[in-house]
Amino acid sequence: MKVAKLILAAAAAALMAGSALAQDKIDVKLGVLNDRSGTYADLSGEGSVVAARMAVEDFKAADKGINVEVISADHQNKPDIGSSIARQWYDQDGVDVILDVPTSSVALAVSEITREKNKIFINSGAGASDLTGKACSPNTVHWTYDTWALANGTGGAMVKAGGDTWFFLTADYAFGHALERDTSAVVEKAGGKVLGSVRHPFPGQDFSSFLLQAQSSGAKVIGLANAGADTTNAIKQAAEFGIVQGGQKLAGLLTFVTDVKALGLSTAQGLVLTEAFYWDQNDGTREFSKRFGERHGGAMPTMVQAGVYASVLHYLKAVEATRSKDAGTVMAKMKETPSDDPLFGKGEIRADGRHIHDMYLFEVKTPEESTGDWDLYKTVATIPAAEAFRPLADGGCSLVQ
Amino acid sequence: MSAEAEPVAPAGTALAERTARGKRVHVMIFLGLAAILLVAPGLLYPFFLMKLLCFALFASAFNLLLGYGGLLSFGHAAYFGMASYVSAHAAKVWGFSPELAILTGVLTAAGLGLVFGALAIRRQGIYFAMVTLAFAQMIYFFALQAPFTGGEDGIQAVPRGYMFGVLDLSNTMTLYYVVATIFLLGMLLIYRIVHSPFGQVLKAIRDNEARAVSLGYRTDHYKLAVFVLSATLSGLAGATKAIVVQLASLTDVYWGMSGEVVLMTLLGGMGTIFGPMVGAAIIITMQNYLASLGAWVTVVQGVVFVIAVLMFREGIVGVLAKWLRRSL
Amino acid sequence: MAEIFGIPAAALYGQLLLGFINGAFYATLSLGLAVIFGLLNIINFTHGAQYMMGAFVGWMLLTYLGIGYWPALVLAPLIVGAVGIVIERTMISRLYKLDHLYGLLLTFGLALIIEGLFRNAYGVSGLAYAIPPQLAGGINLGFMFLPLYRGWVVVASLIVCLATWFMIEKTRLGAYLRAATENPTLVQAFGINVPLLVTLTYGFGVALAGFAGVLAAPIYAVNPMMGSNLIIVVFAVVVIGGMGSILGAIVTGFALGLVEGLTKVFYPEAAATVIFIIMAIVLLVKPAGLFGREV
Numbered sequence: 000m001k002v003a004k005l006i007l008a009a010a011a012a013a014l015m016a017g018s019a020l021a022q023d024k025i026d027v028k029l030g031v032l033n034d035r036s037g038t039y040a041d042l043s044g045e046g047s048v049v050a051a052r053m054a055v056e057d058f059k060a061a062d063k064g065i066n067v068e069v070i071s072a073d074h075q076n077k078p079d080i081g082s083s084i085a086r087q088w089y090d091q092d093g094v095d096v097i098l099d100v101p102t103s104s105v106a107l108a109v110s111e112i113t114r115e116k117n118k119i120f121i122n123s124g125a126g127a128s129d130l131t132g133k134a135c136s137p138n139t140v141h142w143t144y145d146t147w148a149l150a151n152g153t154g155g156a157m158v159k160a161g162g163d164t165w166f167f168l169t170a171d172y173a174f175g176h177a178l179e180r181d182t183s184a185v186v187e188k189a190g191g192k193v194l195g196s197v198r199h200p201f202p203g204q205d206f207s208s209f210l211l212q213a214q215s216s217g218a219k220v221i222g223l224a225n226a227g228a229d230t231t232n233a234i235k236q237a238a239e240f241g242i243v244q245g246g247q248k249l250a251g252l253l254t255f256v257t258d259v260k261a262l263g264l265s266t267a268q269g270l271v272l273t274e275a276f277y278w279d280q281n282d283g284t285r286e287f288s289k290r291f292g293e294r295h296g297g298a299m300p301t302m303v304q305a306g307v308y309a310s311v312l313h314y315l316k317a318v319e320a321t322r323s324k325d326a327g328t329v330m331a332k333m334k335e336t337p338s339d340d341p342l343f344g345k346g347e348i349r350a351d352g353r354h355i356h357d358m359y360l361f362e363v364k365t366p367e368e369s370t371g372d373w374d375l376y377k378t379v380a381t382i383p384a385a386e387a388f389r390p391l392a393d394g395g396c397s398l399v400q
Numbered sequence: 000m001s002a003e004a005e006p007v008a009p010a011g012t013a014l015a016e017r018t019a020r021g022k023r024v025h026v027m028i029f030l031g032l033a034a035i036l037l038v039a040p041g042l043l044y045p046f047f048l049m050k051l052l053c054f055a056l057f058a059s060a061f062n063l064l065l066g067y068g069g070l071l072s073f074g075h076a077a078y079f080g081m082a083s084y085v086s087a088h089a090a091k092v093w094g095f096s097p098e099l100a101i102l103t104g105v106l107t108a109a110g111l112g113l114v115f116g117a118l119a120i121r122r123q124g125i126y127f128a129m130v131t132l133a134f135a136q137m138i139y140f141f142a143l144q145a146p147f148t149g150g151e152d153g154i155q156a157v158p159r160g161y162m163f164g165v166l167d168l169s170n171t172m173t174l175y176y177v178v179a180t181i182f183l184l185g186m187l188l189i190y191r192i193v194h195s196p197f198g199q200v201l202k203a204i205r206d207n208e209a210r211a212v213s214l215g216y217r218t219d220h221y222k223l224a225v226f227v228l229s230a231t232l233s234g235l236a237g238a239t240k241a242i243v244v245q246l247a248s249l250t251d252v253y254w255g256m257s258g259e260v261v262l263m264t265l266l267g268g269m270g271t272i273f274g275p276m277v278g279a280a281i282i283i284t285m286q287n288y289l290a291s292l293g294a295w296v297t298v299v300q301g302v303v304f305v306i307a308v309l310m311f312r313e314g315i316v317g318v319l320a321k322w323l324r325r326s327l
Numbered sequence: 000m001a002e003i004f005g006i007p008a009a010a011l012y013g014q015l016l017l018g019f020i021n022g023a024f025y026a027t028l029s030l031g032l033a034v035i036f037g038l039l040n041i042i043n044f045t046h047g048a049q050y051m052m053g054a055f056v057g058w059m060l061l062t063y064l065g066i067g068y069w070p071a072l073v074l075a076p077l078i079v080g081a082v083g084i085v086i087e088r089t090m091i092s093r094l095y096k097l098d099h100l101y102g103l104l105l106t107f108g109l110a111l112i113i114e115g116l117f118r119n120a121y122g123v124s125g126l127a128y129a130i131p132p133q134l135a136g137g138i139n140l141g142f143m144f145l146p147l148y149r150g151w152v153v154v155a156s157l158i159v160c161l162a163t164w165f166m167i168e169k170t171r172l173g174a175y176l177r178a179a180t181e182n183p184t185l186v187q188a189f190g191i192n193v194p195l196l197v198t199l200t201y202g203f204g205v206a207l208a209g210f211a212g213v214l215a216a217p218i219y220a221v222n223p224m225m226g227s228n229l230i231i232v233v234f235a236v237v238v239i240g241g242m243g244s245i246l247g248a249i250v251t252g253f254a255l256g257l258v259e260g261l262t263k264v265f266y267p268e269a270a271a272t273v274i275f276i277i278m279a280i281v282l283l284v285k286p287a288g289l290f291g292r293e294v
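In order, the protein sequence lines correspond to chains A, B and C. Mapping to numbering that gives the first Met the number 0: the first sequence position 292 is 291, numbers consecutive. Mapping to numbering that gives the first Met the number 0: the second sequence position 138 is 137, numbers consecutive. Mapping to numbering that gives the first Met the number 0: the third sequence position 110 is 109, numbers consecutive.
Bound conformation, chain A alone:
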């Protein structure tokens, strides 16, 4: 019996080796296109490249006959620079997949070019919900988050937690208006009330005037419909004017772990925000984050970088399964196979390209609660995948009939 088993095993091994030999090696080129010098450099940047490389190694792509090369470039948050790099990558450098791409304007441009060249674009860094809405494309996957999900997470969960009156501090341009509009809708649907809003110039330096208006509105929650330095400045000045101590809560509608880290806990404490990932959620995220930190100067991964890791894994799985890198074939496989990875758990890619997974409402810890440099959040609520993203029918995506 034993001998028979052995022979069988040997035969199987030979067969497998044979089949592996018979298969051609597949060369895949991944391009991480993001901000390496500007506003989003800390939350995407080199960290996203590290995450992509780790995904390739963890997948053991080389052992599976897939030869992966990862390249990167800086789009400087300028859509024309981003789109010319994307065009050149596809036309001349043989790039198959473009990854990350924070900044909505660049992401939308890259999505158009990817459709034109019939390649694959997996976005992690940008927030534009149009990527899987009006501007959706059969070649684009939006992995990590979008403004709708953030508005929904923060707005809905805050109302449930008792924060039922809102006042918005809104950056005066399309993005801020959209955040305010989406969040207002969620708040009102959940039974809350919007008491008012004020539009501040973008970029703004001094928010004291607007914060005073928010304070005198008496709303329980002040929603910050802005991003980047505007948000951090507003939070900093809110602390100065004693707004959180006065009993009002601040809700960041597009705030990242890097912003909180930059502000420090004594300033940011009590801030509520929605993210798709936090390094200290479970053993899987902690193990990954520890390895990531070792390769990236001790920094913990952001949700954007985590999204790059998870999406590369999912992509490579599809390439392995189809033994192809044809965009149509691989996209079909990626959409029909549910995703499962240590960082986002189980999820799936919908017809419109939206990847859905659980989202989380976090509250920033007080300095007393924190036990380490990166011990920043406590989880307030989990928003299940089915409710976390805009319903398929509401986005106006032409791929959904």
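If you're looking for bench data, these hints aren't it; they were derived computationally from the structure. Treat the hints loosely; a few may be bogus.
[To be verified] Quick look at which bits of chain B chain A covers, simulated, 3 or more residues with Cβ under 8 Å: (1) 45-52; (2) 138-147; (3) 151-159; (4) 244-253.
[Said to hold, decoys possible] Dumping the calculated DMTMM-like pairs for lysine to aspartate or glutamate here, alpha-carbon to alpha-carbon at most 20 Å: (5) B/K91 - A/D325; (6) A/K345 - A/D282; (7) C/K96 - B/D206; (8) C/K96 - B/E313; (9) C/K285 - B/D219; (10) A/K116 - A/D325; (11) B/K202 - C/D98; (12) A/K116 - B/D167.
Note that the Cβ used here is the ideal one computed from N, Cα and C, for glycine as well.
Dock chains B and C against the given chain A, drawing on the hints supplied.
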């Protein structure tokens, strides 16, 4: 800001002969340029070339104001960017054909140039620079807040369409030759302006405004005219770029863009016909190949700026012209 | 409750006070620009970057050397001023004989370099700088809660602005300075070292920017880009005020802070552009600026 004085010309027939010879050289350069443009797409990536041509035209238009009018505008992004927005909007939302979309953008830039120029020329020198900068910043805020520009997202997926109803611009080569033609026509127009009597008066005002006034010229009219011309041609560059890259965004109206065009002109040689395009080629190539360096691009640009100001004020073509003893 | 144009009077006072606080920054920065312009005839485009450096030097002193806010308030402007002096000696001084626009271009290039270097070294997320404990908290003025630190900003910048005005208009050193502005050759002939005066003036103007930077550090995030947008507004302030007088720069700075504060209440959408609109109007009515002399 006065450029190098023209070489001292001998009197009489020698002058005429010299001018004629200079003209011949210019004609040859233009022909050479056309030949290069004809074969270039075989050697270089066409989209890179088209972007370069748009910026070369932008820098040359800017140079019309700085190099020949002696006026340093620090807000030329306003005309470039606004034309880009308007033509993108016209092509995408109003469904204009590309030539009409570009024309709409150009007219917008001309109108803006007229209004801002009329105000800005009331001040001189450094004040003029600051005033144009402030106006450009107003346009930036307008572009940020106005609904039609799409705010931070910009106007995306601008259709290329058919030029004059026949030329299919979705074909890269057709698009390239259309852009090359626009560029060449723009350059010839600038050349005509500079070498017309109008251009001569401009140079006289640049070198000594008081003298020009005492000769009876209404210098304000000339300054406004060259301002509008420069804004219009910058608009042509911006509108063409919107059709080429199929998007218009805040980058084009940001003050960084105004700084970049000054750098291109300074580096290539202000007050020379061919300098700005050389400067634009260098800066765009640099940006393209240094893109992976991130913030160092800014540092490198700053260093180039400082070096150009400290020891290279004539610019590349300016130095060449001096060496050849010929205006280029 | 009393109302003014539909806004409760108490809220309006609060907003006016806040506008005045912003005006303090405009005044300090435009004063620095005016001082430099007065003697060097150069628009210092690096001013925004030097303001940012002031904030960063304050942060570095605290983080690397443990030197707190109060010593930093003196040290950081000195350090930034010293860097300014090096820049003036090695580069700007070579341009005095040329068109003034070259000075603008040079300082623009320098601003790019400085900002780029800081972005490379510290990223752009911004760094935290705590309010000094002596000035934490605030007082209730009845119509608003005034953080003590903001009150301090107004006091400190008023003192610095007025001291500068006094020094230039009322002291012997100031007299030399003003004389050198009018006729450097003659002043040189009287045995005064004009190049040294020029260098020190530039250093002083830059130090003012550094001072404003340290003042700003606890309020705004310490960020490499913090100066680049502010400086354009300050340019507009300078155009509105005209470069003729030191006092003009100070008054215009504070006044425009107030105007901006009011805009934020009545029509916040225009808060970013109101200063530029005022600039356009001033240019139409009084091209030399409110306090400027016709040239």
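Quick rundown of the hints versus the structure:
no. : hint            : in the structure
1   : 45-52           : holds (count 3)
2   : 138-147         : holds (count 4)
3   : 151-159         : holds (count 5)
4   : 244-253         : holds (count 7)
5   : B/K91 - A/D325  : 31 Å, violated
6   : A/K345 - A/D282 : 15 Å, holds
7   : C/K96 - B/D206  : 16 Å, holds
8   : C/K96 - B/E313  : 16 Å, holds
9   : C/K285 - B/D219 : 17 Å, holds
10  : A/K116 - A/D325 : 12 Å, holds
11  : B/K202 - C/D98  : 16 Å, holds
12  : A/K116 - B/D167 : 18 Å, holds
Violated hint for the displayed structure: number 5, the only one.
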